[in-house]
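Colleague: Protein sequences appear in the order of chains R and H. Going by this note's numbering, the first sequence runs without a break in its numbering and finishes at 128. Going by this note's numbering, the second sequence runs without a break in its numbering and finishes at 490.
It is worth saying that the hints were derived from the structure and are not from the lab. Bear in mind the structure is a predicted one, so any value in this text is a computation, not a measurement. C-beta: ideal position from N, C-alpha, C; glycine also.
Selected chain H positions facing chain R (in silico; Cβ < 8 Å):
{"no.": "1", "residue": "Leu19"}
{"no.": "2", "residue": "Phe27"}
{"no.": "3", "residue": "Lys31"}
{"no.": "4", "residue": "His99"}
{"no.": "5", "residue": "Ser100"}
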Amino acid sequence: MLETYLPVVLLAAISLTIALIFMTLSRVMGPYRPNKVKLTPYESGMDPIGEAKERYSISYYLVAMEFIVFDLEVMFLYPWVVRYLDLGFATFAAVIVFITVLFLGLLYTLKKGTLDFGSQTKVKPLWD
Amino acid sequence: MTTDLLAFLPGLLTAIGGLVIMILGAFRAKKQVVVPSTLLFLLGAFGVAIWQASMPTSVAFSDMVRSGSFASFLIAIIVFAGIVTTLVNQEVMQGRRAHSPEVYAMILFAITGMITFVSSNHLLLLFVGLETMSIALYVLAGLYKNERHGVEAGLKYFILGAFASGFLLYGMSFVYGATGSLHFQALALASPEVTQTLFFRAGIGLMLVGFFFKVSAVPFHMWTPDVYQGSPTAISGFMSTASKVAAFGAFWVLLTPISFSVDASTQAGSGSMAISALYWISILSMVVGNLTSIAQQDLKRILGFSSIGHAGYLLMGFVVATPQAFTAMLFYLVAYTLMNLGAFAMIAHFERTFGWTDASMDQLKGVGRIAPRRVALLSLFMLSLAGFPPLAGFFGKYLVFSAAIEAGFVTLTVVAILSAIVGAFVYLRVIGQAYFEQGESAESQSVDPQKGMGWGMVIAASLLAAGTIHFGIDALMPWPSLLDWVNGFM
Numbered sequence: 001m002l003e004t005y006l007p008v009v010l011l012a013a014i015s016l017t018i019a020l021i022f023m024t025l026s027r028v029m030g031p032y033r034p035n036k037v038k039l040t041p042y043e044s045g046m047d048p049i050g051e052a053k054e055r056y057s058i059s060y061y062l063v064a065m066e067f068i069v070f071d072l073e074v075m076f077l078y079p080w081v082v083r084y085l086d087l088g089f090a091t092f093a094a095v096i097v098f099i100t101v102l103f104l105g106l107l108y109t110l111k112k113g114t115l116d117f118g119s120q121t122k123v124k125p126l127w128d
Numbered sequence: 001m002t003t004d005l006l007a008f009l010p011g012l013l014t015a016i017g018g019l020v021i022m023i024l025g026a027f028r029a030k031k032q033v034v035v036p037s038t039l040l041f042l043l044g045a046f047g048v049a050i051w052q053a054s055m056p057t058s059v060a061f062s063d064m065v066r067s068g069s070f071a072s073f074l075i076a077i078i079v080f081a082g083i084v085t086t087l088v089n090q091e092v093m094q095g096r097r098a099h100s101p102e103v104y105a106m107i108l109f110a111i112t113g114m115i116t117f118v119s120s121n122h123l124l125l126l127f128v129g130l131e132t133m134s135i136a137l138y139v140l141a142g143l144y145k146n147e148r149h150g151v152e153a154g155l156k157y158f159i160l161g162a163f164a165s166g167f168l169l170y171g172m173s174f175v176y177g178a179t180g181s182l183h184f185q186a187l188a189l190a191s192p193e194v195t196q197t198l199f200f201r202a203g204i205g206l207m208l209v210g211f212f213f214k215v216s217a218v219p220f221h222m223w224t225p226d227v228y229q230g231s232p233t234a235i236s237g238f239m240s241t242a243s244k245v246a247a248f249g250a251f252w253v254l255l256t257p258i259s260f261s262v263d264a265s266t267q268a269g270s271g272s273m274a275i276s277a278l279y280w281i282s283i284l285s286m287v288v289g290n291l292t293s294i295a296q297q298d299l300k301r302i303l304g305f306s307s308i309g310h311a312g313y314l315l316m317g318f319v320v321a322t323p324q325a326f327t328a329m330l331f332y333l334v335a336y337t338l339m340n341l342g343a344f345a346m347i348a349h350f351e352r353t354f355g356w357t358d359a360s361m362d363q364l365k366g367v368g369r370i371a372p373r374r375v376a377l378l379s380l381f382m383l384s385l386a387g388f389p390p391l392a393g394f395f396g397k398y399l400v401f402s403a404a405i406e407a408g409f410v411t412l413t414v415v416a417i418l419s420a421i422v423g424a425f426v427y428l429r430v431i432g433q434a435y436f437e438q439g440e441s442a443e444s445q446s447v448d449p450q451k452g453m454g455w456g457m458v459i460a461a462s463l464l465a466a467g468t469i470h471f472g473i474d475a476l477m478p479w480p481s482l483l484d485w486v487n488g489f490m
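Please model the complete structure; the sequences and the hints are all you need to start from.
Modeller: Structure follows, in structure tokens:
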């Protein structure tokens, strides 16, 4: 029963060894000049230590939201692509509808300028 | 595939409409383009719903969607409320910064959610519909984001609404655990051994909490006056009618088979438990809603509390749960939609015409002198809400109360009539304020009071007023009435 997991253990062992080898190699052969920024764990460009109540740009969230939407799109599309030929036209049409709705959303955000960083122009009221 | 799509055609039309309006808005379309296209999509959906209402009930999308008579009837009311809201809103919101194409896109999306909600035949689809509706309404409630009450309305509705959705979802998971199915039919056919388990009862109880929140029944009503006060007035009217029609319709389909089936087999099941909960909540809603509205000074808050009271009358239909009660509840939903939308529309119109900063009662002083005909319209809707014959509100109350008495719920009916009398006092006070009080505020307005109603307001108000009068005398007329139509659903 347990021996079926042998490939997994092997894979883990091999990847661990390779990772260790490369880390050692880069440390031994490359230049090593540490500073504070370089030693920080990667945290989306923010200082991980300090006040939690900090202000940061709203653009950060907009990008994150767009990312999640299109990330999920890929998640839905992959299983479909794998069985593409077996699923037939109805599923194809459903996926096209799905992508169209997403595309319209993207078009809307682009036209509304949610992804224009840096421009400080105030949004003018549309009507009246 | 095609039959499936046809069954859900009204929802498809409003969904496509919402997307089109959204894109039109992104490309800075003019109001003269956006409002007519919104109306076009809504009229299309209304036409399809009326057409489908003559069809027998059928299921589509592998038993997920129910279409035909009953669902189409509810869809027709909801879409009608949407049409009226669009007509009123495009006029009363003029010149506001929040007035943008997105408002109409959101109204269409909310209607799509409501259509999904009332067409659902499966708990998951019910939840998807509910959330589509709610999220669009959260946005609409918070439109006035630069005003204190607007922010309060949006945030309160969002947080409490999300919480109530959580209850509903948790209840669904319990019910699924007890019965192993999410289809309405499977729940209705569950055996008494299943329905008497604590698990199943807890599930139904938690789902009822979500339902009571949506229809703002006491004690889940706290958000109602605050949200109606802070939202744009036309939108408040939409929220108080369309979303309640959707909730009452969808939960009638879901809950009544459960209470029927259990009551038939044993006297002590989850059904009778749900009925006794509904009984007390109906009484509480009527009493608290009508009594609290006496103390209110803001017209929109008065209508908020009045909608709590009306939720109580409508819940009587669930308690009685006979075919007559069902007919009465559906009729009352139509009457309530017409008169409540009308009251909100008139207040929205006065707010704009006289430049009110808030909708407090004092603002109404003396308006009857300046605009007697428009106040007469408001009075018509108020009298209908109070239940004066021969208006729709009277006939609706008459039907609900007589169904309750026939089924032996005398105490409930007595409480309902007493609270209706208390409610009548509040509505009459509004009329009296407009006609008989000396107005110093209205007459000193710099706004030209002769500025009448625009085309949208005229169409909306005349539709609503005609409906309020028509459905009061409809059943007495020789031609086929709404009641005959509604009776055909059973």
